[in-house]
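Chemist: Sequence:
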Amino acid sequence: MYLDQRSTAGAARVRLSGLQLRIILLCAAVTLVDGFDTQSIAFVAPHIVDVWRVSPVLFAPVFAAGLLASFIGALVLGPMGDRVGRKPALVISLAIFAAGSLGTAFSDSIASLIAMRLVTGLGLGGALPCSITLASEHAPAERRESLVSLMFCGFPLGAVLGGLSSEAMVALWGWKSVFIVGGLLPIVLGALFVPLVPESASFLASRGSSAPGNASAGRTAPSSRAVTVHLLFTEGRAVGTLLLWTTLFLSLLLTYFLISWIPLIARASGANVRAGVIAVSLLNLGAVCGSIPLGRLGDRYSPWRVIRAGFAAGAVPIFFIGLGQHSPVLLCVATFVAGMLSIGAQMCTVSYAAALYSTQLRGTGVGWAMGIGRLGAIAGPMLGGLLVNVSMNPPILFAFAAGASLAAGGSMWALGTTGSGLAEQIVDGGTR
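Quick note, the sequence shown lines up with residues 1 to 432 if you use full-length UniProt numbering.
Honestly, the hints are just simulated from the structure, not real lab data.
No residue lacks a Cβ here, since even glycine has one placed at the ideal position from N, Cα and C.
Each hint should be verified, as a subset may be incorrect.
[As the list claims (entries may be wrong)] Pair ranges (Cβ atoms, derived): (1) 234 <-> 58: 44 to 52 Å; (2) 390 <-> 72: 28 to 36 Å; (3) 393 <-> 194: 50 to 58 Å; (4) 54 <-> 230: 21 to 29 Å; (5) 54 <-> 235: 32 to 40 Å.
[Said to hold, decoys possible] In silico SDA-like links for lysine to any residue, alpha-carbon gap of 20 Å or less: (6) 176 <-> 72; (7) 176 <-> 53; (8) 176 <-> 110.
Could you put the whole structure together from the sequences, leaning on the hints where they help?
Modeler: If you want it as structure tokens, here you go:
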């Protein structure tokens with residue numbers, strides 16, 4: 001079982017080296033840039049509408065293009081890490097992301113904006129699973145869950161930064177400045193990754209190479225064995241893979257449902273538009289505050305037990321968000337606690353996904369898991385819209401969201417029991 005293998009991996013807790021800390025921080029910066037872009041486009045859109053004098057309805061395909069492309073990027077660029085190496089795949093993803101973001105700044109029509117958001121989403125979709133895989137393989141086995149969860153904290157922090165800084169940048173330099181900054185950041189990160197981050201030692205070992213020169217330069221020969229998605233369903237991995245996909249689909253559906261609809265509840269409570277931004281920021285800050293202790297508990301105990309408890313407990317504050325239309329204080333408290341528990345558990349699920357697959361399959365496994373999760377991100381706001389159209393009031397609306405959190409916890413429970421055969425594929429040491 002997974003817990004047994006953790007107990008035999010090593011009796012002593014390994015100290016984090018300077019190199020490992022550098023890699024974790026750089027990978028966290030990748031997730032921060034992802035969060036920055038995700039949130040900034042939503043806040044910049046009204047300004048573009050005013051400048052171009054177009055209908056806000058035309059921005060629906062702009063938002064959808066980025067999410068759809070991120071789904072494709074996760075499925076294409078994530079598995080590339082199993083063929084050419086984690087580091088090259090990540091640098092390529094960052095380059096694509098930078099090109100799309102800079103291109104967005106110079107868009108002059110809805111059509112060109114959609115095209116550039118497709119390019120941006122493609123790069124972001126690949127960068128996230130590649131950074132997760134790279135951080136997971138460099139982290140000490142005894143601290144892997146907490147460190148990868150800590151790395152993933154960059155995403156909600158980037159979302160908060162994107163929301164707060166976009167308004168200031170637009171006021172000072174116009175809306176284009178947001179995407180120029182968003183395009184320069186991945187260029188800087190890519191330039192730092194090349195000299196400062198070695199290729200994963202476990203990946204090199206799986207390719208029969210451990211030469212320090214290759215690791216430092218990131219020159220890794222492509223695999224002679226094709227790694228395809230069907231391997232995720234062989235050798236007892238099928239049930240666990242499907243349960244992992246279900247958990248990430250439900251948890252990201254929940255996350256984007258909350259991000260989309262909490263501002264409307266804030267308006268219904270009598271607060272102004274800025275209160276909605278604050279409420280979403282509290283959700284993201286709660287996720288950061290929750291994922292770190294949940295990750296540490298996952299290091300000490302079985303991660304799937306901790307994650308399922310987070311999802312189950314998070315259903316309670318999510319339900320109370322729906323009652324916040326009558327109380328801004330209740331809304332803010334419930335939103336923060338929901339972020340700590342449910343969104344914190346979702347972030348820990350990402351680190352668990354990286355641990356479930358062996359080195360040869362990790363890039364493909366994480367890429368596809370994140371890709372399926374991105375489908376949930378697309379479905380979340382749409383589901384909310386459908387429920388509103390059938391005249392559901394906020395308490396019932398968020399009762400459905402609470403049910404999604406409970407369902408994600410149930411899927412994680414099944415993954416830790418029925419799907420435990422997947423965990424048994426994990427091998428000890430560097431290839432884990």
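Chemist: Decide, hint by hint, whether the structure agrees.
Modeler: Now the hints, each set against the structure:
1. 234 <-> 58: 44 to 52 Å: 45 Å, holds
2. 390 <-> 72: 28 to 36 Å: 31 Å, holds
3. 393 <-> 194: 50 to 58 Å: 53 Å, holds
4. 54 <-> 230: 21 to 29 Å: With Cβ atoms ~44 Å apart, the hint is violated.
5. 54 <-> 235: 32 to 40 Å: 52 Å, violated
6. 176 <-> 72: Between residue 176 and residue 72 the Cα gap is close to 26 Å, so the pair fails against 20 Å, i.e. violated.
7. 176 <-> 53: 16 Å, holds
8. 176 <-> 110: Since the Cα atoms of residue 176 and residue 110 sit roughly 14 Å apart, the hinted pair holds (cutoff 20 Å).
Checked against the numbered hints given earlier, this structure breaks hints 4, 5 and 6; the rest are met.
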